[in-house]
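Trainee: The residues making up each chain are set out below.
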Amino acid sequence: MSVGPPLTVVNGRIVGRSGEPVAGAVRCEDGRIVAVGDVAPQPDDVVYDAKGLIVAPGIVDLAAFAIDKPAFHFGGISRAGLMPDQSPPLDHPARVRFAAQSGKPDFWVHPLAAATRGLEGIELAEFALMCDAGARAIATGRQWIADSGTMLRVLQYAAMLDLVVFCHAEDGGLAGNAVATAGEIATRLGLPAAPPEAEALAIARDVALAEMAGARIHFNKVTTAGGLDLVRAAKDRGLPVTAGVSPAYFMLSDLATADFRTFARLQPPLRSEDDRKAVRRAIADGTIDVISSGHDPRGPEEKRLPFADAAPGMAGAETLLPLTMNLVREEVIDLARAFSLLAAKPAELLGVEAGVLEVGAEADIAVIDRDRPWIVDSREMEASAGNTPFDRQPVQGRAVAVFKGGMRVGVKQAG
Amino acid sequence: MASPASPYPAGSAAFPHRGLVGIAGLASHEIRFLLDEAEQWVRLNRLPQKRDDRLSGLTIINAFFENSTRTLLSFELAGKRLGADVVNMQVAQSSMKKGETLIDTATTLNAMHADAIVIRHHSSGAVQLIADKVDCPVLNAGDGQHEHPTQALLDALTIRTAKGEFNGLAIVICGDLMHSRVARSNILCLAALGAEVRVCAPPSLVPSGIEAMGCTVFTDFDKALDGADVVMMLRLQMERMTGQFIPSPREYRHLYGLTQERLVRAREDALVMHPGPMNRGIEIDSNVADMADRSAIIRQVEMGVAIRMACLDVLTRKVRGTEGWQ
Chain A
1 MSVGPPLTVV NGRIVGRSGE PVAGAVRCED GRIVAVGDVA PQPDDVVYDA KGLIVAPGIV
61 DLAAFAIDKP AFHFGGISRA GLMPDQSPPL DHPARVRFAA QSGKPDFWVH PLAAATRGLE
121 GIELAEFALM CDAGARAIAT GRQWIADSGT MLRVLQYAAM LDLVVFCHAE DGGLAGNAVA
181 TAGEIATRLG LPAAPPEAEA LAIARDVALA EMAGARIHFN KVTTAGGLDL VRAAKDRGLP
241 VTAGVSPAYF MLSDLATADF RTFARLQPPL RSEDDRKAVR RAIADGTIDV ISSGHDPRGP
301 EEKRLPFADA APGMAGAETL LPLTMNLVRE EVIDLARAFS LLAAKPAELL GVEAGVLEVG
361 AEADIAVIDR DRPWIVDSRE MEASAGNTPF DRQPVQGRAV AVFKGGMRVG VKQAG
Chain B
1 MASPASPYPA GSAAFPHRGL VGIAGLASHE IRFLLDEAEQ WVRLNRLPQK RDDRLSGLTI
61 INAFFENSTR TLLSFELAGK RLGADVVNMQ VAQSSMKKGE TLIDTATTLN AMHADAIVIR
121 HHSSGAVQLI ADKVDCPVLN AGDGQHEHPT QALLDALTIR TAKGEFNGLA IVICGDLMHS
181 RVARSNILCL AALGAEVRVC APPSLVPSGI EAMGCTVFTD FDKALDGADV VMMLRLQMER
241 MTGQFIPSPR EYRHLYGLTQ ERLVRAREDA LVMHPGPMNR GIEIDSNVAD MADRSAIIRQ
301 VEMGVAIRMA CLDVLTRKVR GTEGWQ
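Chains A and B supply the protein sequences, listed in that same order.
Read in order, the letters of the first sequence correspond to residues 1 to 415 in UniProt numbering.
Read in order, the letters of the second sequence correspond to residues 1 to 326 in UniProt numbering.
No wet-lab data here; the hints were simulated from the structure.
Heads up, some of the hints might be wrong.
Just a few of them, taken from the derived set where beta-carbon distance is under 10 Å, the chain B residues facing chain A [claimed, not checked]:
1) Leu102
2) Arg184
3) Arg262
All values reported here derive from a predicted model rather than from experimental measurement.
Just so you know, even glycine gets a beta-carbon here, dropped at the ideal spot from N, CA and C.
Construct all of the structure, not just a fragment, from the sequences and the given hints.
Mentor: Okay, here's the thing in structure tokens:
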């Protein structure tokens, strides 16, 4: 791997693990951070002047469905966990190895190994071999493993290897072919719908199985009050349970689907307004550990269809940062916690030395203008498709420079 | 043409919509306007010479992406009786999946300069999707489980013909509410017109939040029928239902079949309706369906043609340059 000259980012306001950002600099050598705070650049350093902007760890996007470098770099994201739902799925060491190399040098992909072969929920995949090939965790993919026996064995095997299992929390029997959350909106639109309790049921079972297996478990998207209560209770009992969410679930409710807008067709489906508020509370009280984009660009051939026929998912990499900054502006969380949700905690779950600006960590840095206004435009996105439910919305917060391993990457310059 | 005594705003203000995608979004006076417009066509259709040439020279495409016999025939007759050139396009679901997308189909239809397009599709929201892509009025002939507005209008006209005003009428809709676009459009339409709407189904077929559409939910058919003025039965899609949503057709009939014994609970003059085709002996007994004085099932079919003529007439007034509608 090529390593450039030492780098010092000066005149920044450095985001730490807690408290307000403090004025200072970050110095990097050989791809690692060597000093943080009141440090001066040395004579041969490349110097980047942050001009008083926020200097934060590069965002670690925990569970993306596609590697889409321009979109990630736009969003200040320097690493992403890649969900196994690829074509073909990441259920074989060779595919994992290829995926792990696919972003280098300026973007790192951390493959999440499929829990079962073909993501079919029947036979265990080769976890240990896939780990040696670069997988950082196990994931059930978009689906729930219906067979409790299989799920228990997945968790036991992952526990032996000390790998976190990333779960999709939707009870398959209740979810069926649903594309919406049961309620007035889905009923008016005549869409196949599942009750929100499908999530809590799945979490209840999987927490019980994880406790039996002694496994660490992470729920990728917890989007309902009932599901969040179960996560909260499991944490209170000291279980190694973590939860994530995507901005859509704290920004939008199922009202966003009212005109059959397929850009708002997500999985799990958008929930009620009460659940949206519950997600915000859970972010505030620490029940939710991670905010990730769930980046899943889908072109018109998959989205310009009747609602139930359209593919689920949204292109989220570019809006992850500004929508999380909304929570900071609205004082739901502070800036340090925002970067715990966006970087530190996801890095910890993936077991990578990144996500924080501390000596010894990999030099992944995002320089952020937290208040810079811009307008989301689905026609002019960096992502390979513009399927965002936030089209035409004004937002605030832009990455102005991204460094991966101490090297500046081709971030689109804001302004 | 609106007479001086017309209760409606003049010209296009009486119905200021480009197409008819659903009952949702229609004001009650707009619904009444369509019902009133249909009356003239009920009369015309009873004459030996059922022909009006006001749509002469216009092209109507009936694009049906889901099997249909009655609705397609009804729309075809409606267009032809108004003098339009009517073309039917029936597309099997499987060939659509292999071939072009719905948007491409819409673009193709648009390029053929149709003056109105009537669409039936198996997916909720598909008609709206096409309507957004074409320049001419689009009429929804049923989209998935979403809406079937002309069915609701023809049902309302049938009820009005038999019962007069809607205020104070108790109307029961019984059957598969979960999967029924007819139920959704009817609830919206009848509630907007001022009727008391009661819906009835086993809990496995009641969609969440349906009461917000303006109805009261019953699971006990006998209670729902108590003092009802109209009983509207929905078709049970047996191939989809058995074992999944209901134990068996005979158990369904036991709880929800409209029998003569059960009908006694409704008012003596209660009207019996069914959108067809009927499963005789399951959701409705033959001796109820065929009651000459009570069953409006044949009348519904008659009203269907008239309602569709009214919709085609009203929605093409702009392109025909009708005074006040340009």
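Trainee: Quick one: which hint numbers does this structure break? Sort them smallest to largest.
Mentor: 3
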